[in-house]
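Participant: Sequence:
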Amino acid sequence: MQVRNSAEGYGAVAMTLHWAVVTLVFCAWLLGEFGDALPRGPQRETGEVIHIFLGLLILVLVAVRLCWRLTDPPPAPDAAIGPWSERAASAMHYIMYALLVAAPVAGILVQFARGHALPVFDLVEIASPWAADRAFARDVREVHEALANALLILIGLHAAAALLHHYVLRDRTLKRMLPWSRG
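Numbered by numbering that gives the first Met the number 0, the letters in the sequence shown go through residues 0 to 182 in order.
Since the hints were made in silico from the structure, they are not lab data. One should not assume that every hint holds.
To be verified - Quick list of simulated restraints, FRET-style, between CB atoms:
1) Ala97 / Ser180: 23 to 31 Å
2) Val123 / Pro76: 19 to 27 Å
3) Pro178 / Ala130: 43 to 51 Å
4) Ala6 / Leu151: 30 to 38 Å
5) Val104 / Gln42: 38 to 46 Å
6) Ala75 / Leu177: 15 to 23 Å
7) Val63 / Ala161: 18 to 26 Å
8) Leu151 / Ala11: 20 to 28 Å
9) Ser180 / Ala159: 17 to 25 Å
10) Ala161 / Arg3: 41 to 49 Å
11) Gly81 / Pro178: 26 to 34 Å
Positions of the beta carbon are idealized from the N, C-alpha and C atoms, including for glycine.
With the hints as constraints, model all of the structure from the sequences given.
Facilitator: So, in structure tokens, the structure goes:
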């Protein structure tokens with residue numbers, strides 16, 4: 000498999016970053032959605048630390064992915080339903096990237112609004128720049144959850160569009176992003 004993208008498909012770096020971010024987003028969302036079901040104490044605290052770790056890792060990988068995309072542009076679209084479909088796909092990608100940044104940033108703000116330090120990959124902690132404010136923390140948490148849920152909805156639409164290309168349009172759009180599908 001080639002490292003860089005080609006006219007035929009995505010390279011190993013683009014695919015790895017894509018699927019790593021997908022996996023991390025789902026894991027972070029599941030922990031965020033169901034973490035309150037963990038027993039109070041060390042288990043819940045560990046769940047929160049892992050959730051924060053995943054969010055920070057998403058930010059790092061999205062930054063790497065955007066830098067990589069600037070140096071290794073994606074292949075041209077395989078098939079389009081019309082000029083509007085390319086614009087819609089492009090808009091969806093921009094919105095997903097914005098949400099991939101906005102949701103973790105809102106999560107960081109939640110941590111700070113609670114007055115807690117931000118553990119950065121268990122290497123260092125960044126102290127909260129302000130005192131705890133429960134009402135503000137609750138409001139920012141709602142924004143964080145809304146952004147995360149919107150991201151999941153867009154990911155679902157993105158996956159549905161890939162399946163539409165595969166099963167209805169019968170083009171290679173989906174296969175180009177699957178590492179095991181090179182035929």
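Participant: Check the following: the C-beta atoms of Ala97 and Ser180 are separated by a distance inside 23 to 31 Å.
Facilitator: Since the Cβ atoms of Ala97 and Ser180 sit about 29 Å apart, the hinted range of 23 to 31 Å holds.
Participant: State, for the Cβ atoms of Ser180 and Ala159, whether the hinted interval 17 to 25 Å holds or is violated.
Facilitator: 18 Å Cβ-Cβ, so the 17 to 25 Å window holds.
Participant: Holds or violated: the 30 to 38 Å window for the beta-carbon distance between Ala6 and Leu151?
Facilitator: holds, 32 Å
Participant: For the range 19 to 27 Å, tell me whether the beta carbons of Val123 and Pro76 fit it or not.
Facilitator: Violated: the Cβ-Cβ distance is about 42 Å, outside 19 to 27 Å.
Participant: Can you let me know if the beta-carbon spacing of Ala75 and Leu177 is within 15 to 23 Å?
Facilitator: Given about 18 Å between the Cβ atoms, the range holds.
Participant: With respect to the beta-carbon atoms only, verify the hint that Gly81 and Pro178 lie 26 to 34 Å apart.
Facilitator: At 30 Å between Cβs, range holds.
Participant: Using the C-beta atoms of Ala161 and Arg3, is the stated range 41 to 49 Å upheld?
Facilitator: violated, 21 Å
Participant: Is 38 to 46 Å respected by the C-beta to C-beta distance linking Val104 and Gln42?
Facilitator: violated, 27 Å
Participant: Using the Cβ atoms, figure out if Pro178 sits within 43 to 51 Å of Ala130.
Facilitator: At roughly 48 Å between Cβ atoms, Ala130 and Pro178 fall inside 43 to 51 Å, so the hint holds.
Participant: If I claimed the Cβ atoms of Leu151 and Ala11 lie 20 to 28 Å apart, would that claim hold in this structure?
Facilitator: holds, 26 Å
Participant: State, for the Cβ atoms of Val63 and Ala161, whether the hinted interval 18 to 26 Å holds or is violated.
Facilitator: holds, 22 Å
Checked against the numbered hints above, the structure violates hints 2, 5 and 10; every other hint is satisfied.
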